[in-house]
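A.B. asks: Here's the letter readout for the chains.
There are 2 protein chains.
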Amino acid sequence: MKYDFTYYNPTRIHFGKEAMSKLADELQNFGDNILLLYGKNSIKKIGLYDSVTAILKECGKNVTELSGIKPNPAYSQVLEGAKLCRENRIDLILAVGGGSVIDCAKAISVSAYAKGDPWQRYWIDFESVDNDVIPVGTILTMTGTASEMNGGSVITNEELTLKTGRVFPPSVYPKFSILNPELTYTVPKIQMVSGIFDIMSHLMEQYFSGDDDNTTDYVIEGVMHSLINSARKAVADPYDYEARSNIMWCATIGLNRITGLSKTQDWEVHNIEHQLGAYTDCPHGLGLSVISMPYYRYIYKYGIDKFVRYAINVWGVNPEDKTKDEIALEGIDRLQEFSKEIGIPQTLRELGCTENMLRKIADTSILGGGYKQLDYDEIYNILKECY
Amino acid sequence: MKYDFTYYNPTRIHFGKEAMSKLADELQNFGDNILLLYGKNSIKKIGLYDSVTAILKECGKNVTELSGIKPNPAYSQVLEGAKLCRENRIDLILAVGGGSVIDCAKAISVSAYAKGDPWQRYWIDFESVDNDVIPVGTILTMTGTASEMNGGSVITNEELTLKTGRVFPPSVYPKFSILNPELTYTVPKIQMVSGIFDIMSHLMEQYFSGDDDNTTDYVIEGVMHSLINSARKAVADPYDYEARSNIMWCATIGLNRITGLSKTQDWEVHNIEHQLGAYTDCPHGLGLSVISMPYYRYIYKYGIDKFVRYAINVWGVNPEDKTKDEIALEGIDRLQEFSKEIGIPQTLRELGCTENMLRKIADTSILGGGYKQLDYDEIYNILKECY
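Line order of the protein sequences matches chains A and B.
All letters in the first sequence, in the order written, are residues 1 to 387 by the numbering used here.
All letters in the second sequence, in the order written, are residues 1 to 387 by the numbering used here.
There could be a bad hint or two in this list.
For chains that are exact copies, the list does not tell them apart, and a pair is met inside one copy or across any two.
[As the list claims (entries may be wrong)] Pairs of lysine to aspartate or glutamate residues, derived as EDC-like cross-links and limited to a Cα-Cα distance of at most 20 Å, are as follows:
{"no.": "1", "residue 1": "K2", "residue 2": "D237"}
{"no.": "2", "residue 1": "K233", "residue 2": "D211"}
{"no.": "3", "residue 1": "K17", "residue 2": "D212"}
{"no.": "4", "residue 1": "K306", "residue 2": "E242"}
{"no.": "5", "residue 1": "K17", "residue 2": "D4"}
{"no.": "6", "residue 1": "K2", "residue 2": "D240"}
{"no.": "7", "residue 1": "K115", "residue 2": "E127"}
{"no.": "8", "residue 1": "K2", "residue 2": "E18"}
{"no.": "9", "residue 1": "K57", "residue 2": "D125"}
{"no.": "10", "residue 1": "K22", "residue 2": "D4"}
{"no.": "11", "residue 1": "K2", "residue 2": "E242"}
It should be emphasised that the hints constitute simulated quantities derived from the structure, not laboratory data.
I would like the entire structure built from these sequences, with the hints used as guidance.
C.D. replies: Now the structure itself:
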C-alpha cells in the first residue's frame with residue numbers, strides 16, 4: 001500500500017432476500033417528501049413498484065415520481081429531476097433500478113441547489129460540491145456499476161453528444177442501499193452479462209497499474225476468481241441464488257474503493273466506452289468487453305509483469321516454457337474466451353457502431369491510461385481492431 | 001453471499017506516511033476536551049507523544065491524559081478513564097497505540113455515561129448501548145486487531161480473571177483512524193509477528209465456516225496471500241515499507257467486517273486464547289498460533305472440503321495422489337511451518353503457561369465454534385496437545 005489514501009464509505013448496505021424489510025426503518029431517517037426515480041416499466045412488471053409504493057404509503061410519505069430514466073441517463077432528465085426536487089421540497093431521492101437510475105439520482109441530488117450551471121461546474125470543471133445535497137437511497141435491480149456504494153455519476157449530455165463521469169465525495173454517496181439478489185433474476189440475459197463484464201472491467205482498470213506488490217491487487221484477484229466462477233453458474237442457471245448474490249457483491253466491492261486503494265489505476269477502456277455509449281447507446285459492459293481485447297493486447301507490453309501475473313493467478317495459465325509475452329497474451333486470450341463463453345458479442349459492429357463513428361469516438365475520448373498513455377490515433381487503431 | 005447482512009462502517013481511514021497531517025482537520029470536528037489515552041512509554045521513545053501533543057496544543061485543545069493501558073486492558077482502567085471523561089467533560093478520546101489502547105478507548109467511551117454497571121451490562125449481558133457515547137479517534141502504532149475500524153472491545157476483568165470481547169455497533173467505531181505504517185517500524189519483532197498471526201487467525205476464524213461458495217471466501221484468500229508474502233518480507237527487513245504497509249492494511253480489512261460478510265464464522269481459537277491471555281498475559285497472536293495447530297488438526301474433518309481448498313488455494317499444496325485428509329493436514333502443516341518461520345514459539349509452556357492452568361483455561365473458555373462445537377474436555381485435550 002505504497003501510496004497514501006483516505007478511505008471513508010458511509011453507505012449502509014442491506015443485503016439479501018429480506019433486505020427490503022429494512023426500507024421502512026431507513027425511511028424514518030428522512031423527511032416526508034420523496035422523489036421516486038426509476039427507469040422504464042420493468043420495476044412494475046416484477047411487482048417492485050407496488051411493494052415500494054406500498055411501504056412509502058404506510059410510512060406516510062408524499063411521493064413525486066420521475067420515470068423513464070434512460071440506460072445512459074440524460075442531462076435533460078437530471079434538470080427535470082432537479083426542478084421537481086425544488087418544487088416539491090424533496091427530502092430523499094429514492095432510486096429504484098440499476099446504475100443508470102442511481103447515477104441520475106446523485107446527479108439530481110447535487111444539481112437541485114447548484115449555484116450556476118451544474119453540467120459545467122460538476123461534470124466539466126470537476127468543481128467541489130458547495131451546495132446542499134439531497135440524500136439518496138437506492139433499491140438495486142441490476143448489478144455492475146457499484147453506484148449503490150460510491151460517488152460515481154456518469155451522465156450523457158445529449159445536446160453535446162458527450163458522456164462523462166464524475167466521482168462525487170462521500171457526502172453524495174447513497175445513505176442506504178437495498179440489495180436483494182432476487183430482484184436481478186428477471187434482468188434480460190444480455191444485460192446480466194453486460195453487468196458481469198462491467199464488474200470485470202472495473203477490477204481490471206484498477207488492477208492494471210503500478211509495479212508494486214499491493215494488498216489491493218491480491219484482493220482484486222480474489223474478487224475476480226469469485227466473479228468468473230459465479231458468472232459461469234449464473235449463465236447456466238439465472239436462478240442460482242448464490243451465484244447471483246456473489247455477482248451482486250462482487251459488483252459492489254469491485255468499485256466501492258476497496259479494490260482501488262493505493263492503486264494509480266487505468267480507466268482508459270471506460271473513457272473510450274463512454275464515447276461509444278454516447279454514439280451508440282449500447283450496453284456499457286458489452287462495449288467494455290469489445291474494447292478491452294485490442295486495448296490490452298496493445299498496452300500489455302508496457303506493464304508486462306502484471307499481465308503475466310494476471311494470466312497465471314487469475315486464469316491459471318501454465319507459464320512453463322513460455323516467454324513473458326506468450327504468457328501475457330494467453331491471459332488476454334482467456335479473458336476473451338470467457339467473454340465469448342458468457343455470450344458477449346465480440347465486435348463494435350454488433351453493438352450498432354458504424355464505421356463513420358470510429359474517428360469521432362476516438363477523437364472525443366478522454367485521454368488517460370495506466371501503463372501507457374494513448375493518443376487519439378492509437379485509440380482509433382484500437383477501435384478499428386475490434387470493429 | 002447466501003446469508004443476509006447489513007454492512008455499515010463509518011470510520012474514516014487516513015493511511016500512509018503523511019497520514020498524521022490529517023489530524024488537525026479531524027480535531028476540528030470535535031469539542032475542546034480531549035482524553036489522550038496510551039500505553040507505556042513507547043510512544044514517547046519514538047517521538048509520537050511529542051508530535052501528537054504539539055498538534056493538540058496548536059488546535060487549542062485541553063488535554064487530559066491516561067497512560068499505562070495494559071496489553072490486556074483492565075476493566076479497572078476502563079472505570080478510571082470513564083471517571084476522567086465525566087470529570088473533564090471529554091469530547092473526544094484520542095487513543096494512541098495498538099489494539100489494546102483502542103479497545104480500552106471504546107470501553108471507556110460506552111462506560112462513561114452507562115446506566116448501571118457497564119461490565120455486567122455490556123460485556124456479560126451484551127445489552128444494547130442506550131447511553132451517550134464519547135467519540136473515539138485513533139492513531140495506530142501496532143497492527144493486528146483491526147480495532148481501528150470496527151466495534152471490537154476486548155477487556156480483562158482482573159478481579160474475575162475473565163477476558164471477554166464485545167463487538168459494539170457502528171456508533172462506537174472510531175470516527176477516524178490514522179494509520180502510518182512507519183509508526184510500526186519500532187515494534188519489537190515478537191510483537192510484530194504476534195500481530196501477523198493475529199491477522200491470519202482473524203481471517204481463518206471467518207474463513208473456516210460454511211459450505212458455500214461465498215465471494216467473501218475468495219477475498220479472504222487474497223488477503224491471506226498478501227499477508228503471507230509481506231510477513232516474510234517484513235521479518236527479513238522490518239523497514240520494508242511496502243511489506244509493513246500491506247500488513248497494516250491486511251489487519252484492517254481482515255476484521256472490519258468485509259472479510260466476514262455472509263459468513264457464519266468460528267472464533268473458538270479466540271475464545272480459548274482470551275482465557276490463555278487472562279491467565280498468562282501472553283501476546284495475543286502467539287497464543288492464537290499455538291492453539292490453532294491442535295485445534296485445526298482436531299476439527300478439520302468436520303469441514304474437510306474447506307480445509308482442502310485452504311491447503312490448495314492458500315498454501316499451494318499439490319493435491320495429486322493424496323486423500324482429502326492428507327491434503328487438509330498438509331495445509332495445516334504449512335501453516336505451522338509459516339508460524340515457525342516467522343519466529344513464533346510453538347508451545348504454551350514457552351508463553352508462560354503452567355500445567356495447572358490448562359484445566360482452568362479450558363473450563364472458563366466460552367464455547368462456540370464453526371464446523372464443530374467443542375466441550376470443555378475437548379478444549380482441555382487441545383491445550384494438552386500444545387502444552
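A.B. asks: Give me the numbers of the hints this structure contradicts, sorted from smallest to largest.
C.D. replies: 9
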